[in-house]
Each structure stands twice: as structure tokens, then as C-alpha cells.
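Visitor: Given next are the chains, with one letter for each unit.
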Amino acid sequence: MLIRKPNAIPSSEITPRVAYERFMARRKFLRTAMGAAAVAGASAFGADRIADILAPRTHAHADTKLKTVPSPLTTTGEQLTSLEDVTHYNNFYEFGIDKSDPAKNAGGLPTRPWSVKVSGKVKSEKTFDIDSLLKLRPLEDRVYRHRCVEAWSMVIPWVGYSLSELIKQCDPLPSAKYVQFVSYYDRHVEKWSGQDATIFWPYSEGLRMDEAMHPLTLLAFGLYGEVLPNQNGAPVRIVVPWKYGYKSAKSIVEIRFVEKQPPTTWNDQAPSAYGFYSNVNPDVDTVPWSQKSERRVGLPFWQQRRTTLMFNGYGDQVASLYKGMDLRKYY
Amino acid sequence: MPRKYILLLKVVTWIGCLSPLMVLVYEAVTNTLGPDPTANITFSTGYNTLLFLILSLAITPVRSLSPRLSWLIHFRRLLGLFAFFYGTLHFFTWVALYTGFDINAMTSDILKRRYITAGMFAWLCLVPLAATSTTWSIRKLGGKRWRALHKLAYVAAIAGVVHFWWQVKPGVMSPLRLTIVLAVLLLARPILSMLRRNKGQVA
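Listed in order, the protein sequences are those of chains A and B.
The numbers in this note's numbering rise by one with no breaks, and the one at position 64 of the first sequence is 355.
The numbers in this note's numbering rise by one with no breaks, and the one at position 102 of the second sequence is 120.
A few of these clues could be false.
Computed cross-link-like contacts, BS3-like style, restricted to lysine-lysine with a CA-CA straight-line distance of at most 25 Å [what the hints assert, rightly or not]: (1) A:Lys-412 <-> A:Lys-583; (2) A:Lys-417 <-> A:Lys-459; (3) A:Lys-620 <-> B:Lys-169; (4) B:Lys-217 <-> A:Lys-583; (5) B:Lys-169 <-> B:Lys-158; (6) A:Lys-551 <-> A:Lys-459.
To be clear, the hints were calculated from the coordinates, so they are not data collected in a lab.
I would like the entire structure built from these sequences, with the hints used as guidance.
Guide: What follows is the structure in C-alpha cells.
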């Protein structure tokens, strides 16, 4: 398992940001130029992919260690997905639709200063600075299975605390039945979007109040013991381990307490395929894919396939939330 | 174009057509198939099927632009057969890595999932084309019937592009480029023949 210790690097060894940005800009230009030449020459013959293989991996984030405590809510008995795969196989469409795009493009996400606005049905609206959020509760190490609707899965060691801890500080009114999460969006920063996908930004997700209050629902600040890399939704995101990955909104700028079920991005995009609940459910297909089984990321292709578990294996903890509900209807 | 250039170009085309497979083999051997190897193999074989199929369909309209391009015909069968080759690899990827060789899983996939129905249909269209790709078959069938049969390549390409659209998430535009190229090729035939007819009338 790879855990880098950034403290061991003397500050003199760290590339100044300006130099780094220049380097990245030059790299980007070279890549683009090379890419253009490759496309012009022989994209038909996979030259793009050869260039991809030859190009070294980029880490579009600065590593910073977080102080953490163990958690009883951690998932045991699973082999962790490597840091490399967790940080280079991302769906973060604001930064491009290819799963390798966010790692390349999310470098410009301005994660400091950062604040999260709390609005809607609360006693009084307030704004939390990222530093105060980090200090609100002890940060826990929590390993969760992560299941994407595209039928691949990972096991990720997140860092954070239960979202309920923050919600308690927000004083929601009794009329607050749902919680909506709004992600960062700036078309100047996330300029890659819109080229390959027609989606209305900013990204919006939501949970029913009892789902949001469930101890498993995590407000995450890091993974692998370090602050979240930009491509994983820095500096703060939601993680709901029993739902498909798109329910776990990244780079949160606003939390709204609302009376009615809030609009959610993928549900707006295709209501028949993506429901509001989106609980992992092997018995309900999500058009176009079957959800009966999944591919575990990071394994050889002949070992990837595995059976998908109801509620992604968290049924013991969360099934009671949906008692009496027809999960085929409320998918 | 002299024979030896054609021969040289054929070697280059073979290498080009085999390179997507070589990349996959290289990645498999060096354990660099990426985070999701199954998805990588599936996408690469599927994408290259469509690419080579569309390239093979481009030969005829491009040839008709100038008599000096008539030598391109030597490459049409090669590209078409490579499309079938990658389509078959794509098909077996699904059989092995998605259904686990389970006949029930295969049938339910084909019946329930429209993108698999379309993909299966596209591949089945290519089978008779590959089977009748020999010069012997052309002679046996007669040029007219053979050409009529091989119009199926267009049907396969359309079904293939539909298959591509039906399996990406709604809103994702990645199949757009291939779709535009195919649309241009489909329009090229009637437009080119219309132009030729007009020219004939003027003369």
C-alpha cells in the first residue's frame, strides 16, 4: 500500500507553484501538440493510446497529511483499491468525461479559501469555512465500498465524519425533509465541460433527511490519510456508500435544507434510468446496464467480476430506512 | 499506382490495423491495462470495430472523387475483415467477461438490453460479409448480388453507432464524431451519383 509522507520532503525541494504551473502549461501544450500530430498521423491506429502509455502520470494535487482516529463504522475484510486507481479513475464530468480527465484537468480547482453555505429551512443561514469544518469533529478513517452505476467498484479509505454531526450544527427546522448538495461550478475553471456532455451545471444531489442523518453518510475531507485530491472532490464532499456513486456529490459549496425532493443532476438528465434514491440494487437494472454484478477496479480482467450486494453490502445498517417502500418503484 | 507501392501500403495497413490489438496485448503483458481492464478491452475492441468498418465504407465514395484514387479498392476488403475481427473480439469479450459464458445471461442481455440487441445485430450482419469476402464468393454470387449483399455493411455500421449511443450515459456525446463521419458517408453516395448524373446531362 502506498502512503506518501510529504513531511519528509524539505520545503526547498518543493517546486514553486509558479514554476509548476508553467511546467504544467508547457506539458499541456506539448501533449496537445503531440496529440494533434498523433491524431493527424495515425489516431486510427491507436497512437493516442501509445502516447498515453508512454506519458508519465500526473498528480494534480498537493499531498497533505490529516490527523485521524479509527472508526467503528469502517468496512473490514476488503482489499483497498490503490491510491493510483482511486485518484486516476474518476467520474467528475465538470473536468471531462474520460475517467482519466479529472486527474489531468482538476488542478485549477481553487480549494482554498473555501466555504460551505448552509441555507433553506434552518433557524438561521450560515457559512462554514473549510478550516472550521475540518475542526468540527475528529476526522475518522473509514473504509467504504464504492459502487458506480457503470458497474465498477472500488474500496476506498475515506477520511471524514458523519454528515449528521454538521447537520446538528445547522439547526434545521422541522419542515426540512430533504437535504440538497450543490457542487462548485465555474465555467472558467471547469472549461472542459460542455465539450463532450450536455449537462446542466452546477451539479446537484440530494438525500432524504433520515438518509442524510444516517451515521454511514460521510462528510469526507480526505482519502488515504491525506486531504482529498482535487479530482476526488476537494476540499469537501459527501460519501453515501449504499448508493450509486453519483449520489456522493463532490466539492460542496452549498447545503440546502428543503421541504420537497430537490432536483438532482442525473435524475434530471434521465429520470427513467436514474432515480432519486439510487440505492445499489442488483435486482433493479439501471438502463442501459445490468446491476447484477460489478467489476472491481484494479484487479486483472479475469478476476474483476463479482456479484453486487443489496445496498452495496450495507443492508444491515440501512435497510430499515426503506421499510415498506417498493424499491422497484423508488429506484 | 505501381504494384510495389500497393504492397508496401498493404504492409503498413496491416500493421496499423493490428496495432490496437498489439497495444492491448502489450498492456496485458505489462499489467498496464488500467484501473478497469475489462472496460478498456471492451471499449478498444468495440471502438476499433466501428472505426475500421467506417473506414472500409469510406473507400468507395473517396475513390469516386478521382480516377487516380481507384487503387484504394485494394484496401477495402482488408479494412472490412479487420472490422469483423475486432467485432468478434468485442463479442467474445462480452461472452467471457460480462456473461461468464452463461447462455441464460446472454439471452436475457440480448432480449432485455437494447444496446446489446443492437450490437448483436450489427455483429450478425458482419458474419455473412466476412464469409463472402473471398474472390471466389464474388464470382460464385455474381457481382450484382454480391454488391447487394454487401450493402449490409451500412446496416451494420448504423446498428453499431446506435449500439454506441445506447450504452453511453444520457448527455454524453462521445459517439458524435463517428456518427458524423458515418452520416457524411451515407449522404456521399446519393450526392455523388446525383452530381455525376447532372454532369452527364450537361455533356
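Visitor: For the pair supplied as a hint, Lys-412 of chain A and Lys-583 of chain A, confirm whether the alpha-carbon distance does not exceed 25 Å.
Guide: violated, 39 Å
Visitor: Do the alpha carbons of Lys-551 of chain A and Lys-459 of chain A lie within 25 Å of each other, as the hint requires?
Guide: Within the cut-off at roughly 20 Å; holds.
Visitor: What's the verdict on Lys-620 of chain A and Lys-169 of chain B, does the C-alpha distance respect the 25 Å limit or exceed it?
Guide: violated, 44 Å
Visitor: Assess, step by step, whether the Cα of Lys-217 of chain B is no farther than 25 Å from the Cα of Lys-583 of chain A, and give holds or violated.
Guide: Roughly 59 Å separates the two Cα atoms, so the pair is violated.
Visitor: Quickly compare the C-alpha distance for Lys-169 of chain B and Lys-158 of chain B to 25 Å and report which way the hint goes.
Guide: holds, 17 Å
Visitor: CA of Lys-417 of chain A to CA of Lys-459 of chain A, is that 25 Å or under?
Guide: Within the cut-off at roughly 13 Å; holds.
In summary, the structure is inconsistent with hints 1, 3 and 4 from the numbered list given earlier, while agreeing with the others.
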